[in-house]
Structures are given as structure tokens and as C-alpha cells.
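> Full structure from sequences and hints, please.
Number of protein chains: 2
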Amino acid sequence: MAETMQGLSRTLTCGDARESHIGKTVTVCGWVQRQRDLGGLIFVDLRDRTGIVQLAFDDNTDRAVFEKASTLRSEYVIAAVGEVRARSAVNNEIPTGKVEVAVTELRILSLAETPPFEISDDCNAREELRLKYRYLDLRRPSLQRNLRLKHQVMKATRDYFDAHGFLELETPMLIRSTPEGARDFLVPSRLHNGEFYALPQSPQLYKQLLMVSGCDRYMQLARCFRDEDLRADRQPEFTQIDLEMSFVSMEDILELGEGYVSTLFKEVLGVDIPLPLPRMTYAEAMSRFGSDKPDTRFGMEITDVSDLVKDCGFGVFSSAVQNGGSVRGIVAKGAAGTLSRKEMDKLTEFARGIGAKGMAWVRWVEDKPASSFGKFFSAEEMDALLACLGAEKGDAVLMIADKNRVTLPVLGALRLEVARKLDIIPDTYNFLWITEFPFFEWDEETETWVAMHHPFTAPMDECIPLLDSDPGAVRAKAYDLVLNGVELSSGSIRITDPELQDKMFHALGLGDEEIKQKFGFLTSAFQYGAPPHGGLGIGLDRLVMLMAKADSIREVIPFPKVQNARELMTSCPSPVDQQQLDELGLCITHTEQKEEQ
Amino acid sequence: MAETMQGLSRTLTCGDARESHIGKTVTVCGWVQRQRDLGGLIFVDLRDRTGIVQLAFDDNTDRAVFEKASTLRSEYVIAAVGEVRARSAVNNEIPTGKVEVAVTELRILSLAETPPFEISDDCNAREELRLKYRYLDLRRPSLQRNLRLKHQVMKATRDYFDAHGFLELETPMLIRSTPEGARDFLVPSRLHNGEFYALPQSPQLYKQLLMVSGCDRYMQLARCFRDEDLRADRQPEFTQIDLEMSFVSMEDILELGEGYVSTLFKEVLGVDIPLPLPRMTYAEAMSRFGSDKPDTRFGMEITDVSDLVKDCGFGVFSSAVQNGGSVRGIVAKGAAGTLSRKEMDKLTEFARGIGAKGMAWVRWVEDKPASSFGKFFSAEEMDALLACLGAEKGDAVLMIADKNRVTLPVLGALRLEVARKLDIIPDTYNFLWITEFPFFEWDEETETWVAMHHPFTAPMDECIPLLDSDPGAVRAKAYDLVLNGVELSSGSIRITDPELQDKMFHALGLGDEEIKQKFGFLTSAFQYGAPPHGGLGIGLDRLVMLMAKADSIREVIPFPKVQNARELMTSCPSPVDQQQLDELGLCITHTEQKEEQ
Chain G
33 MAETMQGLSR TLTCGDARES HIGKTVTVCG WVQRQRDLGG LIFVDLRDRT GIVQLAFDDN
93 TDRAVFEKAS TLRSEYVIAA VGEVRARSAV NNEIPTGKVE VAVTELRILS LAETPPFEIS
153 DDCNAREELR LKYRYLDLRR PSLQRNLRLK HQVMKATRDY FDAHGFLELE TPMLIRSTPE
213 GARDFLVPSR LHNGEFYALP QSPQLYKQLL MVSGCDRYMQ LARCFRDEDL RADRQPEFTQ
273 IDLEMSFVSM EDILELGEGY VSTLFKEVLG VDIPLPLPRM TYAEAMSRFG SDKPDTRFGM
333 EITDVSDLVK DCGFGVFSSA VQNGGSVRGI VAKGAAGTLS RKEMDKLTEF ARGIGAKGMA
393 WVRWVEDKPA SSFGKFFSAE EMDALLACLG AEKGDAVLMI ADKNRVTLPV LGALRLEVAR
453 KLDIIPDTYN FLWITEFPFF EWDEETETWV AMHHPFTAPM DECIPLLDSD PGAVRAKAYD
513 LVLNGVELSS GSIRITDPEL QDKMFHALGL GDEEIKQKFG FLTSAFQYGA PPHGGLGIGL
573 DRLVMLMAKA DSIREVIPFP KVQNARELMT SCPSPVDQQQ LDELGLCITH TEQKEEQ
Chain L
33 MAETMQGLSR TLTCGDARES HIGKTVTVCG WVQRQRDLGG LIFVDLRDRT GIVQLAFDDN
93 TDRAVFEKAS TLRSEYVIAA VGEVRARSAV NNEIPTGKVE VAVTELRILS LAETPPFEIS
153 DDCNAREELR LKYRYLDLRR PSLQRNLRLK HQVMKATRDY FDAHGFLELE TPMLIRSTPE
213 GARDFLVPSR LHNGEFYALP QSPQLYKQLL MVSGCDRYMQ LARCFRDEDL RADRQPEFTQ
273 IDLEMSFVSM EDILELGEGY VSTLFKEVLG VDIPLPLPRM TYAEAMSRFG SDKPDTRFGM
333 EITDVSDLVK DCGFGVFSSA VQNGGSVRGI VAKGAAGTLS RKEMDKLTEF ARGIGAKGMA
393 WVRWVEDKPA SSFGKFFSAE EMDALLACLG AEKGDAVLMI ADKNRVTLPV LGALRLEVAR
453 KLDIIPDTYN FLWITEFPFF EWDEETETWV AMHHPFTAPM DECIPLLDSD PGAVRAKAYD
513 LVLNGVELSS GSIRITDPEL QDKMFHALGL GDEEIKQKFG FLTSAFQYGA PPHGGLGIGL
573 DRLVMLMAKA DSIREVIPFP KVQNARELMT SCPSPVDQQQ LDELGLCITH TEQKEEQ
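The listed protein sequences correspond, in order, to chains G and L. Position 324 (the first sequence) corresponds to 356 in this note's numbering; numbering is contiguous. Position 18 (the second sequence) corresponds to 50 in this note's numbering; numbering is contiguous.
Mixed in with the good hints there might be a few duds.
Because identical chains share one entry, a pair is satisfied inside a single copy or across any pair of copies.
Unchecked claim - In silico DSS-like cross-links for lysine-lysine, where the CA-CA straight-line distance does not exceed 27 angstroms:
id: 1; residue 1: K535; residue 2: K164
id: 2; residue 1: K342; residue 2: K407
id: 3; residue 1: K453; residue 2: K378
id: 4; residue 1: K548; residue 2: K164
id: 5; residue 1: K164; residue 2: K550
id: 6; residue 1: K298; residue 2: K581
id: 7; residue 1: K187; residue 2: K298
id: 8; residue 1: K400; residue 2: K374
Hints listed in this document are in silico derivations from the structure and should not be mistaken for laboratory results.
The following block contains the structure:
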């Protein structure tokens, strides 16, 4: 049976031991990182969340204590009392490296079996095993650091918005299902068999109702749920920094949002983010970077060469332009050597994988540029093309010819892929706002217009007349905050005019009955005096992942789920008792596993 | 079509207008509380969350603006620009009463229909109507005040625990169902048909695993879910201030907890809570107050008169004692007049309603005490009884004779009922800790021992030997924080010894297979080095309700559910599409409504 702390009280955390403690008697607690038994001398590295301190047992140590120290093994939990003294062999690698604790009392609070992997950041156990034993995985310093960072971000976030007059208000988790966008997780009701709650995809409707309630400025770190087929680095549940403000224009919200990120990065990371943040319209971002979330940490912008090649002898180019598409390219400076012919083949495959019919390229290694389409071009034509693209000797060029909705995103993706291959992305934080998003997106599958943001987003005033005549040209009062090519935040000014809201619902193909059933409480609320309002939501997990320079959001969530939405430590989801189903008035019709489909 | 704020920017919130603003041009926004048209003079009370300011329109007002002001109706949303000036008729009832805004520009941002009830704290609309139009109900000043108070409590809570080294760490909402205590809400899985997640009743297991992970000090304002048959003032979802600490004893946790409430009440309410808080064992609380959550704001403590009456001529008394029960009473000082015979009959009915067979009483109005059992008592016996109880002329006595598990709680409830009738409860905040709870409770229905706290609670060291021989006598390292008779918080030191944990599970009737299936991940975690730890959870909604002096937790939750777990504004739960059920592999077997059963 393990010993207890009875009568002991921790007086120092491991990572905080310093020379100023020398001569003091302290009590430290933690896990044995390792024990080294050198005959008459035993050293123990003791670890807690603050760091590691060395415990020393030697000739002067009480024999019973020494004997006990000799039984210590990795991950035992112990408490040790002793005097802090200078270390004979200083370790400059760790902040506590100049001191050690000469132990006079030792208690073993918990024994430990050998862990299935080493508790260290060098550990290369596979992720499944680490997640199964997440409570051991979390002991690693990098994960401890990430959790602490997330706490600091949450704290700084709440402090900032509190200082700006926002109230943190709780919205319900058991809400009405309104199938829009992603799928809802459903919660069957026991008191009302046959009826269901849904878990919120976001607090969108409630935060708008809080504005109608006169709450003025709302914020919440809100848990959100989406039952999606999980792509890499999505979680079925995630946290959103959610906010909404009344009596404001888009300008006010952007100002507040950028004040927030600048304060946050300064306070938590000590990094200066110059304000105001750059802004770019959706149209500009697409044409320069082929993306509505451009990574602006490097150049390699897209150039349109359609005019130059529209009558050229290369049919792929000329017909793309003549069919209303475009021919565009990017230039990888000085990369003609690195992007070998073989690399170009790989990049062509990559482009095909994301929807292009092919990719044209130029490698200007020697005096004469080599290219995939040279035989269709005269030397003068090639010179003119390269001049137009701004390519010089030593550069490589990648080109796509297709409809714009292929050309641009494919070049956007190639730009990122090439930058990664060339390792030219600097380690900085580049924020920017993307504005003037299209309101509608044409869904080829259902042949209907769908809302690019969501149906509560206000169209730009000057676009309202286009709603009937040219929906595709309607831009929205919507804005995204992008950091290093990642969409961090999405927001908009909302519709508050009940007639306009109805009109937008109709344009999205909703009938009157459907509107009333799904959103009746919202349009009804707008009848009783709705203030102009808008807001945004920031993905907390992604934000912290970028700040921590982590590879995945799973590294910043204490107990994440894997791609098929299972949590490996507790094995959930899991079957439940028949009695539980009976109480809910439910039966199971399928038990197939859909993850492999 | 309503006007917009284009080109305008709010410069002052309504409730903040003061004499220092006189002469300044301001822009204010809000809802029209009321409009008074006095012919050539129009006054508008404009309301936002900060308060009310008067807008004035008179002979000097531009005619178009004056005309527009004449169209204003209650709850219209407007923006007004004008100069702040001194008011001729000062209103000392409100902080802005010395000034008004002479409006030069007026915009109507939203029209409003006549609300179904007046937006005022005097409104006496029934709660169902208020909840259906919750977005209007929330405009009332008292609810705005409650939401602001809750925000302040949440902020002060996080600040306190952050300052004490706690990290706010997120635990999952989609977890494994472990049917213990209350019923779980279940969430069917679409990717794993036939399997379910549960929503957490509390983050108990995860916070213990965070301690095993070396996180040391964890806190979270955690949403919790319990699918119970709703008693008054319970919600299916509620928020818990949840925390856990490593390497501590009970003493450390109590000290931290009381430091928290004292800081909170000082910061948010300006109220001093003297420390240390009083403590009382469970046994003492039951025998003195008949409750494990005694309201100590008033006396009227319970006196045991069993010895005195065990051989008396009144069979109800003597047989209760002879059968191992007791006879006990409370004295309502000076209440012989108020507690008339009719009132005593009502109190007897009340006592019967909560399990007593009857109630004995004495009313000492005249020289000779009148009582319900006088004919069985001699004058001397009565004198002795009243002396033992400490009753004097003018007092009323209520007595119960039964088994202790009836006598004590019934007298505890009568004590509260009488105090309310007599209106003798002072308006103070009385905190106390209740300690040394029994570990086990005997469940008469299932004839098994169940855990009074939960199965992870550590028994007191000296009670471990009693586990097999006398489970009923085992006390736990558990503690409740009680405020004014309400259980605010519940906590304990946890078991960390895997063998002891197994032993407790067995004592609670769980078999090895069941333990492994439900809690295997926990007992397995304890094999790898678990620090001593403990914690507590504080009901945020109840805490804020008491601080706000509100009547119900529904008054401090923005969008609460009613007793049958429905939310009236959005009408949920609700039926869902067949397609949603198909994707989940479920079908509905019952659609009956259980609320009326």
C-alpha cells in the first residue's frame, strides 16, 4: 500500500528550484523521470508540470531513505523533503541545473508499471498508442506546454473582451435541430419520445437573439459540434471564440478583432503584430493567390497571361481562353534546378489530383528555357511569355489553363506545394482580412444557390438590387481573418430586416412553411425591434495550434478524437443498455460501421 | 425599409449620460422605452443595457426630425445625434436624470410591433409567455442585471483560480456512457451505427485523469447534463465550476475554496465573508438542524428529548424511543400566537406529506401550555419537557417521534417552513462546510449500498478497517459547501490506490467485468503513477441565483428550459427528418409524451 502526504505540504514546484533556495528545506512532489544508482550515490530526476529538479541521496543520507530511493522506478509518484544545495556538476540545459535537493525524507505516493512508451518529447510511439494512454502522453513537456498556452490564450481572450464591454453569456447546448450546413448531432428526448434535441454547430441564432435582447456585446468560448465525415484535423467537437456586437458597422468589428489578435500575440507570445492588418477583397485574393485564405508569408503570386497566349499555337492555352477560361502561371524564383523534370511530373500529378487536366511548366536552367510546351512556341513567343510572368534565368514556371474555377485554386495549391518543397516560407505570423465574399455559391450537384457564409449574412447595400437579376454578383458584408494561409475566423454583419431575411431565404430555395418551421422564432424576433449587429467566430483550437507551432489540433486538445470520431482512451462511442434505448423509445436498425466506406 | 447606421458611430451609452457631457454632441442608440408627445414637445426615454436617457424634441428641433420623432413607438430601435443639455425637470430616480439629449438627427433602425407584454420589471406576464418571447423578457432590467452579474462571477472565478496556478482545461462533451447516478443523455453515432456517446454528467473522470497526467491544478466552467425527471429548479443542462488539485489534503482544498468565495463576494458584491468558514460534521448537522445543508442564518435547533419521554404515558413518544427511534423538537420563540391551532394543523399535514406519521405540538399562549398530547402528560411532565426544550411562555413547540431517518429530516424541513412563515430569516450570507459524510447509503429499494458522494471518493483512513465489517459507519473524505441552506458545492479527496478503488467498487456491488468495462481506463491509469488529488464542483447557476437574490435559476440562465425539459422559444425538442434517423441507424418505437405520467 502506497504512503500518503499526511503531515506534508508541498513547498516548491520542481521547475522553480533556484540558487536562491540554497540552504532552505523544501518539500517537492512529482514523478520520477529517471533514477540513476551509482553505487553509493543515487540521483533522481523529479518531474512535475513546471520542470525537473535533481534529488540526491549519498553517504550522508539516512540508510532507510537511501534504501527506499534505490527502489524508485520511472513514473513512481513521490514526495521528498530535503535541503536545497549547490550541485557539484552543474547542468546548464535546465533552469534548475545549478541546484539539487539532498533528501532527508522520502515517501512513495504511488507505484507505477513501466509505461508503454517513454514519457519524453523524443518518444516516437505511434499516435494510436499515445491516445489510448493519453494520460501518459499528456505528461510529455510539449503537451503540457500546449495546454498551458491554451489556458493563457483563453484567459487573455476573456480579459480583452471583458475590457471592451463584452459579457460572456451562456447559450444552450440542447437546442432545436435546423439542418443547415453540416449535419447536427442529435440527442433523443426521454420525456418526449420521438423528439430530439440537436447539439449546436455554433451559437449563431442564440447570439443574434441576445442582440435582439439588448445584450449589446456578447462573447463566449463556445463548444460547437459538427457531425461531418472527418477530414484531417477536424474534430466532431471544437471550441469557438464566439462574439457579437450591436450598433456597429463592419469597420468596428474588424478594428476590435485586430485589436484582439494584436493584444493576444503580444501578451502570450511577446510577438508584435502591426496594425491595421492588411485587407484584401475575395476577388483580389483569388486572382493573386488562387485562394480565399492566402498565405502571404511569401510571394510567388499568380500572373494572368491569357491575353498573351489567346491566339498562340498551343491549343490547350488558346482554347482555354476562347472558352471563357484563362491561362495563368506562377514563378518559383531560382528553382529551375530543384524543380527537376521529375519534380515537374510529380507536380503535374498533384495538379491532376485536385481537378486540373494538366500542368504546363518551364525550367530555365541553361541559356534556353526547357518547357513542356516549347514545340508550340517560337523563341520570341517564349521570351514574351517569360517576360510577362517576370521569369528570369534560373527560375521555374508552373502554368494552368482551364476555367477560372479550376485555374485559380489549382495554382493556389501548387503555389503552396512548391513553397513547401523549396522551404521558402518564413517563420512569421501574417494576418490579413478577406472581405467582400460572394453571398451565393452555385452548387453544381443540386443546381441551386447556397449561402457561402450563412443565410443570416447581410448583402452589401449596393448589391441588393442584384438579388433577383444576378445572384452570382451579390457580395456580402462578410469577412474572414486569415493567418498564414489558415482561415482563423469568419464573420459578417447580419440581416435585421425581416423582409430582407425572407427574401434571402427564398433566394436560397426555402419555402414559406420551411422558413417558419425552422427559423420562425428568429424572423418573429426581428418584428420586435432588432438592432444592427454583426460578429465573428474564431477557431480556438486552430489559433492555439498555430501559436504553439503544433502539427495538428489534436496536440492542443486534452482528449481529442481520432479521424473516425472515436476516443481511444475510453473507447467511445460504445453500445448502451437496452433499457436506455427503451426509455428513449428507440431501436437500432443498423449496426454497420461506416468508417471504411 | 429601416434606416442604417451608415456614417454614424455610437459615442455614448444611454445609462452613462451625466452633467459632465453637457455641451457635447453625442450619438446614442437603443430601444424606445416610451414616447410622450406633449403637443409641441416630444420626450423619448431611450433604453440600452446600461440604462435610460431622455431625448428631447421641441420648437428648435428640425421639423423633419420632429415629425419622425412623433412616429416613434415602444421598442422601436433608433439612433439619435444631439447635444447633451441640462434638464429643466430633473429626475432624481435615475442616474441620467439631470440631463437630456436635444436631438438634431434621428434614425429609425428597426420598427417594432407591440410586444406581448410590457418590457419592465413590474410586468406580471406568466412565465410561459415570457419564455416564449425570451428575447423580449431578457430586455427587462432585472434580467440584464442578472446576466451581467453572472458574467462578473465567471470572470472573477477564472481570475482567482488563474492566480492560484489552475489551468482551465477543456474536457470532452461526447464521452462514454457510464450509467451511474443520474441518467445520461445519449448521442447516437452516425459513423458507428448502434453505438452512442453520452453527454457528461460532470467531468469527474476526465479531471482525475488530468491529475494522473501531471496537470496539477485544473479548473473549468463545465457544462453538465443530467436526464432526470425534473424537480423544481433543476435544468437538464447546467454549469459547474469544476476543479481538481494534486498533492493536497482536504485542508488545502477547503482553504482554497473558502478563499475563493470570500474573494468572489468581496469583488462582485462588496460583501465581507469572514474566514475561516465554520465547519460541521454531517452527524452534527443532522442532529442539530435535521439537514446536511443547514441554513444557519437562524437558530431553532433540534433538541433530543428521547430520554425524558421514553417511559411517558404517550405511546407515540415512548414506542418511538423503544423501537430505536427518537423524539425531538424545535422551539419557535414567541410564535405561540402566530402558529395558531389551524397553522399547527397545516404544519402537521406538511410533516405527513414528507413522511412523518404525525406531529406533536405545544402552544404556550396562556399560563397553561396547550398541546396536542397534553392529556397524556402531567403538568410536571409538561414542565420538564418544556424546560428540556428551552421553551418559554409565548413559544411554540413542534415535535416528531419516529425513526431517526424520519424524525431528523422532517424536523429539519419543519424548521425551515416555520422560519419562512415567521419571516425570521435574516438577509445575510451564511457559509459553512459539512464534512465526514457517510461513504455508503443503504438503498431500501434495491437493498444495496450505494455511494453517497461517488465511488471515487476516498474513505477516511481510520474507517478503512470498517469497510467489510460495518459499511454504514464508514465516513468519507468528502465535504460540501453550504450557503443559506443550499448545497453550493460538493467535493472529496479521491481514491488513487487501484486496489482500494477495486474494493470500493466491489462494496458497491460491481462485478469485475463491469468495473473493467466501465472504469477500466481509470483503474488502468492508476497503475502508472497517480498523485494524491481531490477537488470540488460548485453549481454556478445556484451560486449566481443566491448572489442575485433571484427566485429561480431560470432567472440567471439566458435561455432556460421549463420543467418538462422543453425550451419554449424555439420549441425543442422536436421531430427530425427520417433521413437523419436513417443515417443514425435508428427507428422510433414510441412517441408517447411522458411529462404527464
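> Each hint: holds or not?
For each hint, the structure was consulted:
When the C-alpha separation of K535 and K164 is checked against a cutoff of 27 angstroms, the pair qualifies only between copies, where the shortest distance is 25 angstroms, while the shortest distance within a copy is 51 angstroms. For a Cα distance limit of 27 angstroms, the shortest separation of K342 from K407 inside one copy, 17 angstroms, qualifies, whereas the shortest one across copies, 117 angstroms, does not. Taking identical chains as interchangeable, the C-alpha atoms of K453 and K378 lie at most 27 angstroms apart only when both belong to the same chain, with a minimum of 12 angstroms there against 85 angstroms between chains. Within a single copy, K548 and K164 get their C-alpha atoms only as close as 46 angstroms, which misses the 27 angstroms cut-off; across copies the closest is 15 angstroms, which meets it.
With identical chains, the CA atoms of K164 and K550 are at most 27 angstroms apart between copies only, with a shortest distance of 15 angstroms across copies and 41 angstroms within one. In this assembly of identical chains, the alpha carbons of K298 and K581 lie at most 27 angstroms apart only when taken from the same copy (16 angstroms versus 40 angstroms across copies). Taking the shortest Cα distances, K187 and K298 sit within 27 angstroms of each other both inside one copy (14 angstroms) and across copies (21 angstroms). When the C-alpha separation of K400 and K374 is checked against a cutoff of 27 angstroms, the pair qualifies only within one copy, where the shortest distance is 19 angstroms, while the shortest distance between copies is 112 angstroms.
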